[in-house]
Amino acid sequence: MKLSVELRDKILELTGDRIWNLTFTLYPDGQFEIDYDYDKPDAKDLPDVNKERPETPNNNHTDTRNNGVPDPVSCSFRGDMMVKTIAGFKPIEQIQIGELVWSRNQITGLMSFNKVLQTISSIDPDTAYVTIADENGNSQTIVSDSRHPYFGNYGGDATPPKPSPEKDYLGDIQNAYWINAGDLEVGHKVLDDDGNWQTVTSVRVEQKPLNSYNLEVNIDHTFFIRGIGGLDGIWVHNKNCFDELPKNVGEPVRIDGKDVYTIKHPLDESKTVKLILNPDEAARARGQRYVEVDVKPRKGEVTIKEPNKPTNTFVSSPSRTIIAEAGQKGNWNRLLNNYDQYPNATIHTTRGQEFKIDSQGRVENVTAKLFKETNDRNGNQQVKAGGSDRLDNDHGGHLLAAMFGGPGEGINLVAMNKKFNGSGGDWGTFERRLKEARDNNQDVIVNIKPVYSGTSKRPDRFDVTYSIDGVRQKAIRLNNK
Numbered sequence: 001m002k003l004s005v006e007l008r009d010k011i012l013e014l015t016g017d018r019i020w021n022l023t024f025t026l027y028p029d030g031q032f033e034i035d036y037d038y039d040k041p042d043a044k045d046l047p048d049v050n051k052e053r054p055e056t057p058n059n060n061h062t063d064t065r066n067n068g069v070p071d072p073v074s075c076s077f078r079g080d081m082m083v084k085t086i087a088g089f090k091p092i093e094q095i096q097i098g099e100l101v102w103s104r105n106q107i108t109g110l111m112s113f114n115k116v117l118q119t120i121s122s123i124d125p126d127t128a129y130v131t132i133a134d135e136n137g138n139s140q141t142i143v144s145d146s147r148h149p150y151f152g153n154y155g156g157d158a159t160p161p162k163p164s165p166e167k168d169y170l171g172d173i174q175n176a177y178w179i180n181a182g183d184l185e186v187g188h189k190v191l192d193d194d195g196n197w198q199t200v201t202s203v204r205v206e207q208k209p210l211n212s213y214n215l216e217v218n219i220d221h222t223f224f225i226r227g228i229g230g231l232d233g234i235w236v237h238n239k240n241c242f243d244e245l246p247k248n249v250g251e252p253v254r255i256d257g258k259d260v261y262t263i264k265h266p267l268d269e270s271k272t273v274k275l276i277l278n279p280d281e282a283a284r285a286r287g288q289r290y291v292e293v294d295v296k297p298r299k300g301e302v303t304i305k306e307p308n309k310p311t312n313t314f315v316s317s318p319s320r321t322i323i324a325e326a327g328q329k330g331n332w333n334r335l336l337n338n339y340d341q342y343p344n345a346t347i348h349t350t351r352g353q354e355f356k357i358d359s360q361g362r363v364e365n366v367t368a369k370l371f372k373e374t375n376d377r378n379g380n381q382q383v384k385a386g387g388s389d390r391l392d393n394d395h396g397g398h399l400l401a402a403m404f405g406g407p408g409e410g411i412n413l414v415a416m417n418k419k420f421n422g423s424g425g426d427w428g429t430f431e432r433r434l435k436e437a438r439d440n441n442q443d444v445i446v447n448i449k450p451v452y453s454g455t456s457k458r459p460d461r462f463d464v465t466y467s468i469d470g471v472r473q474k475a476i477r478l479n480n481k
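In this note's numbering, the protein residues as written are 1 to 481.
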């Protein structure tokens, strides 16, 4: 059925997104769920991508490189392009330092929310319009300058596009690397925030100045941007990683007539990078102040590394950690529902609940403080818990009960025996014990370890330790039967 005008306007107010369809689902156990979809709106309802915007810098932005003054040349987006944040999509011109934005680690492919370290406003010399379509034909146009790097897959193109300078790709996706907006071509693929490929259908560059905005994002140095008419964010790089030296950089070493600096790699702190001042004055003027080099000390040779050359080898991240916000009815977190796609990762909710995923994509450990707040239930995920290993007398049971603020997503649900999880069962009895403590305003911290047989997704038992007001309680073992 269609949304009422009042409800639609309320959702728009909360999310900033275009919500058009509403689905009401009633499950056999009496649970129900309200969900909404995104439909491509009529063209007449969309803003004109060519419409001029006021060329005034956003005073809310801070550019630590230029004391708040717009950078005369950078690589950035028009202010109304939408960044995926923990609160939904938000215009890039409104993003503030410290906000959490959705990013992707180019080494591991893991996606998580990371903090914005810096916001930059710039006046760029040209304007690029990149139009992209998903597999269903839904298209969007992203407006940036011609030099902003998108992660592009050029497939079997006999003449691969020029890679973005100073944007080395360290992952294992073949025939793909960072490509400037103006160098993308029709037929190239770009990645969206669900990990799906979308197709470039048009690229147009106009020689007109663009008042634009960019971000520096902690850890992954990437974010997702959505354009006019878009449903999904597209993976892009943040500001130049080597446009300035860290404040704590050591003294340079003079080799081959050049001052060579050694810093930690911005994407992997277990590695170091050697930099020299960019000998290309024009590139320095565009913000590419330093370039990465290979050094052969014995020979006294310093050579500039080939930019953006893919390694085509998978390197484990030093920290496979993801931060995600648990959802609610109508706005469930897809990552927390699809946690099994992130083996060997540690997933934290924004409330501090920690879920460790094993090599089989199963939850192997949960640590959390219990809250006196009830979270929404997700009936759809409850009936899926355990998959093909679920038994006839099972249902979806919460590792962290909904009454303790446990997430409603699949990451917090496993197949449990109905009697075991019921009010008279061992698990139900254990939860009542925890509830008594919480009702008495005592602090409760639990550690739950589901134990599985072989590759089964149904736990045989749960090994539990917990504390009340800092006092460790007797460990218990609860058999799932």
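Hints in this document: simulated from the structure, not taken from any laboratory. Hints are supplied without guarantee of correctness; some may be wrong.
[Stated by the list, open to error] Computed cross-link-like contacts, PhoX-like style, restricted to lysine-lysine with a CA-CA straight-line distance of at most 20 Å:
{"id": "1", "residue 1": "Lys162", "residue 2": "Lys189"}
{"id": "2", "residue 1": "Lys264", "residue 2": "Lys274"}
{"id": "3", "residue 1": "Lys457", "residue 2": "Lys418"}
{"id": "4", "residue 1": "Lys418", "residue 2": "Lys481"}
{"id": "5", "residue 1": "Lys264", "residue 2": "Lys329"}
{"id": "6", "residue 1": "Lys356", "residue 2": "Lys418"}
{"id": "7", "residue 1": "Lys247", "residue 2": "Lys369"}
{"id": "8", "residue 1": "Lys264", "residue 2": "Lys247"}
{"id": "9", "residue 1": "Lys384", "residue 2": "Lys329"}
{"id": "10", "residue 1": "Lys356", "residue 2": "Lys274"}
{"id": "11", "residue 1": "Lys115", "residue 2": "Lys329"}
[As the list claims (entries may be wrong)] Estimated spans, in silico, between C-beta atoms of each pair:
{"id": "12", "residue 1": "Asp358", "residue 2": "Asp157", "range": "36 to 46 Å"}
{"id": "13", "residue 1": "Val249", "residue 2": "Asp443", "range": "23 to 33 Å"}
{"id": "14", "residue 1": "Glu436", "residue 2": "Ile86", "range": "51 to 61 Å"}
{"id": "15", "residue 1": "Pro91", "residue 2": "Glu251", "range": "41 to 51 Å"}
Just so you know, even glycine gets a beta-carbon here, dropped at the ideal spot from N, CA and C.
Going down the list of hints, with the structure as the test:
no.	hint	in the structure
1	Lys162 / Lys189	holds (15 Å)
2	Lys264 / Lys274	holds (9 Å)
3	Lys457 / Lys418	holds (17 Å)
4	Lys418 / Lys481	holds (8 Å)
5	Lys264 / Lys329	violated (42 Å)
6	Lys356 / Lys418	violated (25 Å)
7	Lys247 / Lys369	violated (37 Å)
8	Lys264 / Lys247	holds (12 Å)
9	Lys384 / Lys329	holds (17 Å)
10	Lys356 / Lys274	violated (35 Å)
11	Lys115 / Lys329	violated (26 Å)
12	Asp358 / Asp157: 36 to 46 Å	holds (39 Å)
13	Val249 / Asp443: 23 to 33 Å	violated (43 Å)
14	Glu436 / Ile86: 51 to 61 Å	violated (34 Å)
15	Pro91 / Glu251: 41 to 51 Å	holds (42 Å)
Checked against the numbered hints listed earlier, the structure breaks hints 5, 6, 7, 10, 11, 13 and 14; every other hint is satisfied.
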